[in-house]
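> Spelled out from the first residue to the last, the chains are:
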Amino acid sequence: MARRVFTQTAYQDLSDFVYGRALYPITLGNGMVIGGGTVYPEINFTLPPMIITEATMPEALGHYQEIADGICRRAGDLSVPGFVAEIELLPPMTFNPDWGTAVCETVVEAIRRGGEKYGVKGAVRLTPVDIREGRDLEHMWRGSHWEKILRVFRQGAGVGAEFLAIESVGGKEVHDEAVMYCDIAKSIFALGVLGCRDMERLWAAIDGVAGETGAIASGDTACGFANTAMVLADRNYIPKVFAATVRVLASARSLVAYENGAQGPHKDCGYEGVYIKAITGTPISMEGRSSACAHLSPVGNVAACLADLWSNESVQNIKLLGGMAPIVSFEQLAYDCRLMNTASARGGETALLLRDLHADSDSGLDPQAYVLRPDVALEIAKELVKVAGHYARTKKAAGLALDHMRKAVEQGRLWLRDKELAWLERLSETVAGLPADPGELTENMLGECEKLDPKKYDM
Amino acid sequence: MVYENMVCENMVCGDTVCAFDKERGRAAMTREILVEISDNLQEGKANAVVELVLEALEAGVPPRTILDQGLLAGMGIIGGKFKANEVFVPEVLVAARAMNRGAEALKPALAAEGVRARGVAVIGTVRGDWHDIGKNLVKMMMEGKGIEMIDIGVDAPPERFLEAAREHGAAIVCCSALLTTTMGEIKPVVDLIKGSELGGKVKIMVGGAPITQGFCEQVGADCYTPDAATAADAAISLLR
Numbered sequence: 001m002a003r004r005v006f007t008q009t010a011y012q013d014l015s016d017f018v019y020g021r022a023l024y025p026i027t028l029g030n031g032m033v034i035g036g037g038t039v040y041p042e043i044n045f046t047l048p049p050m051i052i053t054e055a056t057m058p059e060a061l062g063h064y065q066e067i068a069d070g071i072c073r074r075a076g077d078l079s080v081p082g083f084v085a086e087i088e089l090l091p092p093m094t095f096n097p098d099w100g101t102a103v104c105e106t107v108v109e110a111i112r113r114g115g116e117k118y119g120v121k122g123a124v125r126l127t128p129v130d131i132r133e134g135r136d137l138e139h140m141w142r143g144s145h146w147e148k149i150l151r152v153f154r155q156g157a158g159v160g161a162e163f164l165a166i167e168s169v170g171g172k173e174v175h176d177e178a179v180m181y182c183d184i185a186k187s188i189f190a191l192g193v194l195g196c197r198d199m200e201r202l203w204a205a206i207d208g209v210a211g212e213t214g215a216i217a218s219g220d221t222a223c224g225f226a227n228t229a230m231v232l233a234d235r236n237y238i239p240k241v242f243a244a245t246v247r248v249l250a251s252a253r254s255l256v257a258y259e260n261g262a263q264g265p266h267k268d269c270g271y272e273g274v275y276i277k278a279i280t281g282t283p284i285s286m287e288g289r290s291s292a293c294a295h296l297s298p299v300g301n302v303a304a305c306l307a308d309l310w311s312n313e314s315v316q317n318i319k320l321l322g323g324m325a326p327i328v329s330f331e332q333l334a335y336d337c338r339l340m341n342t343a344s345a346r347g348g349e350t351a352l353l354l355r356d357l358h359a360d361s362d363s364g365l366d367p368q369a370y371v372l373r374p375d376v377a378l379e380i381a382k383e384l385v386k387v388a389g390h391y392a393r394t395k396k397a398a399g400l401a402l403d404h405m406r407k408a409v410e411q412g413r414l415w416l417r418d419k420e421l422a423w424l425e426r427l428s429e430t431v432a433g434l435p436a437d438p439g440e441l442t443e444n445m446l447g448e449c450e451k452l453d454p455k456k457y458d459m
Numbered sequence: 001m002v003y004e005n006m007v008c009e010n011m012v013c014g015d016t017v018c019a020f021d022k023e024r025g026r027a028a029m030t031r032e033i034l035v036e037i038s039d040n041l042q043e044g045k046a047n048a049v050v051e052l053v054l055e056a057l058e059a060g061v062p063p064r065t066i067l068d069q070g071l072l073a074g075m076g077i078i079g080g081k082f083k084a085n086e087v088f089v090p091e092v093l094v095a096a097r098a099m100n101r102g103a104e105a106l107k108p109a110l111a112a113e114g115v116r117a118r119g120v121a122v123i124g125t126v127r128g129d130w131h132d133i134g135k136n137l138v139k140m141m142m143e144g145k146g147i148e149m150i151d152i153g154v155d156a157p158p159e160r161f162l163e164a165a166r167e168h169g170a171a172i173v174c175c176s177a178l179l180t181t182t183m184g185e186i187k188p189v190v191d192l193i194k195g196s197e198l199g200g201k202v203k204i205m206v207g208g209a210p211i212t213q214g215f216c217e218q219v220g221a222d223c224y225t226p227d228a229a230t231a232a233d234a235a236i237s238l239l240r
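Protein sequence lines, in the order shown, are assigned to chains A and B.
Heads up, the first sequence is in the numbering used here, so the first residue is 1 and it goes up one at a time.
Heads up, the second sequence is in the numbering used here, so the first residue is 1 and it goes up one at a time.
Simulated from the structure, these hints should not be mistaken for lab results.
Bear in mind that the values here come from a model prediction, so they are computed numbers and not experimental data.
Treat the hints loosely; a few may be bogus.
[As the list claims (entries may be wrong)] Calculated cross-link-like contacts (lysine-lysine; reagent style PhoX-like; alpha-carbon spacing at most 25 Å):
(1) K45(B) with K83(B)
(2) K319(A) with K187(B)
(3) K187(B) with K419(A)
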């Protein structure tokens with residue numbers, strides 16, 4: 001597919017920008033339309049504590065089958081209109097593509113049987129682990145790590161996965177240090193230079209697999225970057241204003257997937273998806289209060305404002321009083337979606353009221369929630385998309401996020417502790433002082449990033 | 001203050017001062033420079049810390065005093081502020097970086113006096129797990145307590161933990177795991193070390209998002225802590 005260029009947002013009017021509806025919905029063969037007016041649950045699950053080996057793979061597959069069967073049964077019981085099951089493969093299942101394929105096939109088959117038995121509609125999103133890390137990595141875009149990821153995609157699509165997604169890690173080796181030191185220049189370099197450079201190659205390849213197999217190239221979350229920052233901020237390790245800034249600048253990086261063929265739905269833990277929806281008009285998956293089973297967050301309600309799929313992020317297959325955890329989690333998502341869809345059925349005004357209640361209930365208390373507000377996201381996205389070039393756009397995103405937070409504090413719409421305010425100023429000064437030329441930043445950074453091997457990025 | 005209330009009976013005149021006054025002046029200067037080391041360290045001013053450490057040595061301040069009352073005292077204050085939620089990790093890390101630079105400058109003098117680090121600890125993320133940040137935070141916090149840290153990186157097999165502990169004479173081995181599917185890799189590390197000649201001599205600490213006290217006991221490790229700051233405190237207790 002030819003590279004797309006986004007120079008203006010798909011949405012102009014805030015009243016069109018709401019959960020459940022996307023300008024470019026995705027229609028599946030089973031009749032589900034994502035972004036077509038209905039919010040569907042996206043259920044994600046993982047194994048209980050166990051080591052994955054060839055010997056334990058039958059046990060692992062048994063877990064996946066039990067989970068998928070249970071979800072289909074509960075979807076039938078609750079008259080859920082459709083759902084997406086995301087399979088986030090574990091590292092051994094990506095290093096051994098046949099194992100990952102077997103997991104995918106198990107879930108696809110369970111959903112097919114569930115359709116026959118309970119009349120439910122489901123689809124599978126396949127997310128291999130981005131294994132391009134570690135001592136053995138030869139290169140980001142060639143060698144066995146790269147080949148295995150693409151093989152998982154190809155084989156997974158071959159056994160019926162509808163959506164292909166990833167949490168790519170280009171630049172993460174630099175960002176891990178940036179986030180610990182709250183070094184915004186390094187963060188911008190990691191996401192806006194290294195991350196974007198990697199995303200171009202990776203998503204062109206994923207789009208190629210989608211073209212060959214008929215699957216849909218969906219999206220790529222900056223989880224290892226922005227969610228790492230969010231979790232550290234939640235523990236008071238780093239300032240929330242830093243995490244909020246990283247969230248917004250991650251949108252410039254995640255957009256590269258859409259420039260290179262992705263069609264959505266954007267992946268759940270990529271909260272920057274609100275910016276992706278504003279710019280591309282494609283549907284997004286989001287996660288909030290019902291993903292507390294996987295991680296805590298300050299954005300439990302505001303995350304629902306624009307969701308087209310509503311996810312739980314991940315939950316282990318362990319027994320709770322109500323049942324197995326994935327089924328419990330699925331039920332929570334189903335009720336959240338039912339409420340949102342009921343509000344939509346009453347008319348646009350009611351949907352907008354619910355959207356705004358979701359936004360208002362979180363956004364004054366935490367800057368990370370504030371930058372996810374639909375009005376803020378749309379306003380920032382409109383400015384952001386005018387800027388050409390990945391680095392320039394990423395730098396602009398950081399500046400816009402910091403400006404919006406500062407104004408919100410001044411206007412009393414956002415409360416920040418004093419030590420957060422000090423960081424807001426410190427970060428703003430650093431961003432303002434960054435060079436305009438990405439080459440100059442790269443030159444400065446190469447000597448500072450001990451763990452970066454530029455040759456792996458052809459630099 | 002006792003010094004201020006005492007009258008010097010040996011006072012002569014002019015620019016000559018008595019031995020007592022010399023001693024008093026030296027003590028005041030020592031206090032001043034140690035406070036300066038501590039203050040600059042807390043602000044993460046690594047170059048200033050190095051200069052002050054060298055100045056203190058030049059002035060005859062004992063290396064152990066510089067370490068304990070300058071560098072470690074500064075880290076203690078910034079660590080306390082972190083625990084009290086007054087500063088963030090980056091502030092602690094830049095202080096720790098300054099402390100490392102200062103400690104490096106002090107090292108030859110400490111070695112000459114036979115002063116050793118509080119202890120050596122090996123740290124790594126277990127096999128199959130590439131999570132780096134939590135491990136690095138623990139490492140920095142422990143360094144800030146004066147512990148010499150040997151970082152064996154991520155995706156580390158059990159043998160590497162044992163080899164590093166042997167090579168560096170470690171008293172503690174710290175294992176990090178962030179996934180439910182990699183936490184099981186901690187037990188082989190524990191078994192290997194406990195089954196070696198280091199069994200009973202080296203303490204094993206475990207941590208990471210899915211790890212609990214119950215898991216720690218189940219795999220036979222010695223200590224679990226829920227975060228980096230408490231890990232550093234626990235390590236000091238284990239070294240006593």
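> Against each hint, give a clear statement of whether it holds in the structure.
Results of checking the hints against the structure:
no. : hint                 : verdict
1   : K45(B) with K83(B)   : 21 Å, holds
2   : K319(A) with K187(B) : 24 Å, holds
3   : K187(B) with K419(A) : 41 Å, violated
Checked against the numbered hints given earlier, this structure breaks only hint 3.
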